[in-house]
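Number of protein chains: 2
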Amino acid sequence: MCNTIRSILKENTNLINKQIVVNGWVKHIRSNKFQKFVIINDGSTIRNLQIIVTNEKRKINRGTFLKVKGQIVLSKGNKQNIELLAKDIRSYGLFKDKYFQKTILQPKTHSFKKLRQQSYLRFRTNFFSSIMRVRHNVSYLIHKYFHKSGFYNIQTPIITNYDTEGHSNLFKVTTLNLKQLKQNDFKSDFFGENAFLTVSGQLHGESAALGLGKIYTFCPSFRAENSNTPRHLAEFWMVEPEVAFFNLKNNMYLAEHFIKYIIKKIIKLSYEDLLFLDKDNQIFNNLHLILKKEFKRITYSKAIKILIKTGDQIKWGEDLKSEHEKFLVENYFHSPIIIFDYPIDLKPFYMRINKDKKTVSAMDIIFPQVGEIIGGSQREERPKILLSQMKYFKLKTKDIEWYINTRKFGTVPHSGFGLGFDRLIQFITNMKNIREVIPFPRSKKKIYT
Amino acid sequence: MCNTIRSILKENTNLINKQIVVNGWVKHIRSNKFQKFVIINDGSTIRNLQIIVTNEKRKINRGTFLKVKGQIVLSKGNKQNIELLAKDIRSYGLFKDKYFQKTILQPKTHSFKKLRQQSYLRFRTNFFSSIMRVRHNVSYLIHKYFHKSGFYNIQTPIITNYDTEGHSNLFKVTTLNLKQLKQNDFKSDFFGENAFLTVSGQLHGESAALGLGKIYTFCPSFRAENSNTPRHLAEFWMVEPEVAFFNLKNNMYLAEHFIKYIIKKIIKLSYEDLLFLDKDNQIFNNLHLILKKEFKRITYSKAIKILIKTGDQIKWGEDLKSEHEKFLVENYFHSPIIIFDYPIDLKPFYMRINKDKKTVSAMDIIFPQVGEIIGGSQREERPKILLSQMKYFKLKTKDIEWYINTRKFGTVPHSGFGLGFDRLIQFITNMKNIREVIPFPRSKKKIYT
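For the record, the sequence lines run as chains A and B.
Heads up, the first sequence is in the numbering used here, so the first residue is 63 and it goes up one at a time.
Heads up, the second sequence is in the numbering used here, so the first residue is 63 and it goes up one at a time.
Just so you know, the hints here were simulated from the structure itself, not pulled from any lab data.
Any given hint could be a false lead.
Which copy? The list can't say, so a pair holds if one copy fits it or any two copies do.
Calculated pairs, SDA-like style, for lysine to any residue (alpha carbon to alpha carbon, straight line, at most 25 Å) [unchecked claim]:
| id | residue 1 | residue 2 |
| --- | --- | --- |
| 1 | K129 | I114 |
| 2 | K241 | F298 |
| 3 | K494 | F253 |
| 4 | K371 | Q431 |
| 5 | K241 | K507 |
| 6 | K206 | F298 |
| 7 | K507 | I122 |
| 8 | K341 | I151 |
| 9 | K460 | Q112 |
| 10 | K355 | K388 |
| 11 | K234 | N223 |
| 12 | K458 | K507 |
| 13 | K420 | N288 |
| 14 | K80 | K149 |
| 15 | K453 | F253 |
| 16 | K326 | H209 |
| 17 | K358 | H319 |
| 18 | K507 | I466 |
| 19 | K327 | L408 |
Next up, chain A with everything else stripped away, as it sits in the complex (with noise of 0.2 Å):
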């Protein structure tokens, strides 16, 4: 097998004077009298080689695959200590189509909107593709660390039969033939009832939980929401640890230590990529401020004392808007915030139910830029208020009596949150809309592809 450029980098001047065969797409062509700089990049890595041909005849042009023996020496430019001296060249797929070559090819900026309108060949660009690159190394350190940590992945069920939060924005799931759809058809379905796409792995990670004890699921979820913002998708990926025996203090302890493993660790992983994508030197200013000290903890009544004082209107019992929440990390604590015992009212059924019999021990955690990064609660345990709870929201119990029943078998504390894995690495990466960190975004009257 060949050798790849990021291989080849890593090796440097260790490898003057080896024969090698390197492959690669052309990035850039210039010449000389005497021969042609070939500079081509195989994916591998942000930084290219470059090719020194000469006696070729044959046309080279941007965008080409080209497969080159030869041998490395020491460069004479000074952008680069190494370079290939090419031997032998093999060529596939000249570029013949113009349109292509003055668009995605160039190499200058393209506005992101016409790169996601053919978003399977963003893959070729420098911009995308490292940002591809740093999505796998946070999915492979999100790994790493729920493994190291004793934590078991579940892959929860993306086809679900119930609605967990009393969303009416769900997909449905059908075999049915819509054309011709009779109204008694609906027990011929598949599964011969309601089908939808899931919003959440929670609740079916909570049995997992219950079991063995430390979990994680990291699977898509889908929301039907007609909401075109740069923050929101129709499918996105949901990490979720959810673990047995933890109360809400363990539960914000762990978040804020997954979550800066991530940071301190990616820096140092995708370096380079975040180098080439930190255009105004934000990304690392952003990704310091994470981990320069413990996040601040509040509870929501200190958070709306807070802004009581500086004179806002809000009162206790509303939503924190992200206006509120921007101002408490940007201008007031000056750093990332986790905000806990939120009012019964404005969270899901599930959330356990403090003393004061007013709020739930729910916590968000709030980022600079982006606001809610990581949601989470303890869960309520006690099946009796796990019940009224239901009734309280409306919801029926019918649909998920299992879920009650694991709090009637051998019930326990337990606590874990939600982390949306898209919305991370647009942090990470700086990027204004959220559909620029996604291989193929789906959103309302939209599939890219």
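Following the hints, complete the assembly by docking chain B onto the known chain A.
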């Protein structure tokens, strides 16, 4: 935070006389005049911890959750080295349900079907928690293998707008109100066009590999097949690597190297759980057979010749039945085999046509017991031939023009394969029914929780 039983048993006699806190569910209780022996498990391992309880008046029963403070002492029994002398016990969730006590929690073997019907409680059984820990470890090893080999993990889309392989067994995704559907509603559906659940991430994965070089996906896939067999699920997880510059030979090498890495490592990483699951010494036999020799590589044509020689009526061009594969693997070669170069008509449109113009560069890896475990191919990278293949198979080119475009711009030979993750777990744990190795199985007329 507390110690897990896994970490306590790992430290073992190093902990003698140390004070610790441990959490777990009661698996078993016996008592004499002076003390109770309470066996607890916390899901972190198949092994249990014995608690010695004196002076405890409160009722403790099987399934109840305990938090125990105490001192590690040398065990007087011969089943374990250490045990915990309890000083303080807190219990949660006293078990009142007699049905559950008498069924799932009884320390006897339950019918798998019965367990499946209470999928949310299966995690608390030795059998299922073992399988879940093995499943996690295999998943982790897959990520580790590809990460170390320079592959990037790509989340390919779950919701797609086309039908990859001309399947009719697709799940539709919609937000229309099916109870009051009017035929002019279709434009108001969420995506404003046909939307399906993906059957494979391959085509999207190819476009990623044509920019990033080496990628893999690890995503759910869906088939609305009416096949209620022990080998089929409507929702399952696929691992699909794809590599630019790879031909079929490279692809076979990668697949064999990959699967042997997983098998070799899981024997060590999940040793205790596999030992527990291996009732008839079949599991380790199966696993070692995979590692023993190089997979035998034979062409489809050679396979047909062998079968005809043994008196079978099969003709060239006909599909191999599972009995044929079984015969070749178990009776003829006595090892896993890779069959390659299949007739065009037996394989999907995207596989690369060989020089003989009769066969395509496809490969299937056949294992003992489970049959096909991996299917892959070199992809047709020549745009004209790809297009004529699509016409030959009567596929609508309009829907996946983007896929043809990947061949117009910087195309290059590339290859990949798909591994059914759940089927691999089924092979490793030697389970008869695939529903026993996935947390929440989905199949025709069945959404288990």
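Right, here's what the structure says about each hint:
no.: 1; hint: K129 <-> I114; result: within (13 Å within a copy, 69 Å between copies)
no.: 2; hint: K241 <-> F298; result: neither (29 Å within a copy, 28 Å between copies)
no.: 3; hint: K494 <-> F253; result: between (40 Å within a copy, 23 Å between copies)
no.: 4; hint: K371 <-> Q431; result: within (24 Å within a copy, 71 Å between copies)
no.: 5; hint: K241 <-> K507; result: both (20 Å within a copy, 22 Å between copies)
no.: 6; hint: K206 <-> F298; result: both (21 Å within a copy, 23 Å between copies)
no.: 7; hint: K507 <-> I122; result: neither (40 Å within a copy, 57 Å between copies)
no.: 8; hint: K341 <-> I151; result: neither (35 Å within a copy, 57 Å between copies)
no.: 9; hint: K460 <-> Q112; result: neither (66 Å within a copy, 39 Å between copies)
no.: 10; hint: K355 <-> K388; result: within (18 Å within a copy, 61 Å between copies)
no.: 11; hint: K234 <-> N223; result: both (10 Å within a copy, 15 Å between copies)
no.: 12; hint: K458 <-> K507; result: between (31 Å within a copy, 22 Å between copies)
no.: 13; hint: K420 <-> N288; result: neither (32 Å within a copy, 50 Å between copies)
no.: 14; hint: K80 <-> K149; result: within (12 Å within a copy, 68 Å between copies)
no.: 15; hint: K453 <-> F253; result: neither (28 Å within a copy, 34 Å between copies)
no.: 16; hint: K326 <-> H209; result: both (17 Å within a copy, 19 Å between copies)
no.: 17; hint: K358 <-> H319; result: within (13 Å within a copy, 48 Å between copies)
no.: 18; hint: K507 <-> I466; result: between (37 Å within a copy, 23 Å between copies)
no.: 19; hint: K327 <-> L408; result: neither (35 Å within a copy, 47 Å between copies)
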